[in-house]
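2 protein chains.
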Amino acid sequence: MTKQAEGAAERPARGRGRRPADEVRADVFRVVGEVLLKEGIADLTFERVARLSGVSKTTLYKWWPSKGALALDGYFHAVEEALAFEDTGDIRADLTRQLRAFAHIMTGTPAGRVVTELIGQSQTDEDLATAFRSLYSSGRRRLAGERLLRAKEQGQIRDDVDVQILVDQLWGAVYHRMLIPDEPVTDDFVVALVSNLIDGITPPTAAS
Amino acid sequence: MTKQAEGAAERPARGRGRRPADEVRADVFRVVGEVLLKEGIADLTFERVARLSGVSKTTLYKWWPSKGALALDGYFHAVEEALAFEDTGDIRADLTRQLRAFAHIMTGTPAGRVVTELIGQSQTDEDLATAFRSLYSSGRRRLAGERLLRAKEQGQIRDDVDVQILVDQLWGAVYHRMLIPDEPVTDDFVVALVSNLIDGITPPTAAS
Chain A
1 MTKQAEGAAE
11 RPARGRGRRP
21 ADEVRADVFR
31 VVGEVLLKEG
41 IADLTFERVA
51 RLSGVSKTTL
61 YKWWPSKGAL
71 ALDGYFHAVE
81 EALAFEDTGD
91 IRADLTRQLR
101 AFAHIMTGTP
111 AGRVVTELIG
121 QSQTDEDLAT
131 AFRSLYSSGR
141 RRLAGERLLR
151 AKEQGQIRDD
161 VDVQILVDQL
171 WGAVYHRMLI
181 PDEPVTDDFV
191 VALVSNLIDG
201 ITPPTAAS
Chain B
1 MTKQAEGAAE
11 RPARGRGRRP
21 ADEVRADVFR
31 VVGEVLLKEG
41 IADLTFERVA
51 RLSGVSKTTL
61 YKWWPSKGAL
71 ALDGYFHAVE
81 EALAFEDTGD
91 IRADLTRQLR
101 AFAHIMTGTP
111 AGRVVTELIG
121 QSQTDEDLAT
131 AFRSLYSSGR
141 RRLAGERLLR
151 AKEQGQIRDD
161 VDVQILVDQL
171 WGAVYHRMLI
181 PDEPVTDDFV
191 VALVSNLIDG
201 ITPPTAAS
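Residue numbers (my numbering), protein chains in the order written: chain A, 1 to 208; chain B, 1 to 208.
Because the hints were derived from the structure by calculation, they are not lab data. On a predicted model such as this, the values are computed, not experimentally measured, just so you know. Everything hinted at is true.
Remember, identical chains collapse to one label, so a pair may be satisfied in a single copy or spanning two.
As a list, the in silico SDA-like pairs of lysine to any residue whose alpha-carbon atoms are at most 25 Å apart:
| no. | residue 1 | residue 2 |
| --- | --- | --- |
| 1 | K152 | P184 |
| 2 | K152 | T186 |
| 3 | K67 | E126 |
| 4 | K67 | D182 |
| 5 | K57 | R18 |
| 6 | K38 | E126 |
| 7 | K38 | T124 |
| 8 | K57 | K67 |
| 9 | K152 | D182 |
| 10 | K67 | T124 |
| 11 | K152 | I198 |
| 12 | K152 | S195 |
| 13 | K152 | E183 |
All chains, please: the whole structure from these sequences, using the hints.
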């Protein structure tokens, strides 16, 4: 989007009426999500988000004290629908589909770089690390855990399996290849992540 | 180690005789490993490594052009023995033992923070990212892959399993909890990483 097109898309002044907070937040999330998924974090500034969302910089700073917090909260909401956990009753198909969507966002949009840089910076920035967990990763863990628990209830995952560990062996494995890129994130990789866990890696005859 | 104790442990001057390169490198790796495993990366300086190893700063800079390269090469060699892949013929036991040793280094020594900070910094430092892969992670991947391939030959892992993906689902899962610490790295976690893959996560009756 050019700066001029942005200007044309700018929200009209709304006088002094106060919009509901939820509506204002939704506008901000939409704008932040678009910038992160189409351009990257370098193009995300409070100035620009204020202009594109019609929300004052004062309000933005009140709700999101740092660019990291603004990016993480916006990113969580931007990917919520694309990364939703469907329940067709088939955990293998549902996990594979969701992980494909996740791999696409990480490798096929600028968001992958946004997320790996935020994780990188959070290793030495305690405030950003806290924001990462509270505004993004703990929420994603909760959503994944809910779907995996339903698979347990449906008898597709054993009762004694700690589903939070599966989060590390599925999405965590993708993050590992994003953060230390010795090997690429491919479709075969995503499919195998799920089948290695569902089928186990031992030959049928070797099962105890 | 106090600065005084270090002074006492300092290598005597060796005159102008040239020591074999392997011996010099081994001395440097020993010193770098000790500093990283006992103190952390803030205490690792070329000055100090030169003093403790008896190797000139000129030589150090010639072989390791940056602190990151020096740290990664030293760290690889420092943990090589502790993280060796035993082969008792029982892949479950051998992997669990190795992952316990890895988890101990990551959570019980300053090296965990060293490694997560280097991974973090490598997200925006391409030279460091290259050094991380060439001096540390690709070598660790190779060693893990060799042990997992032997397990395939012994009939303990199915022929169609890509063992490099298991690296992401075992050690990568640990890195995930180190880098985004929503959940802790515990012994139960380490044991479950291995059993989820070896046993599979589906109930026996649900296996197709």
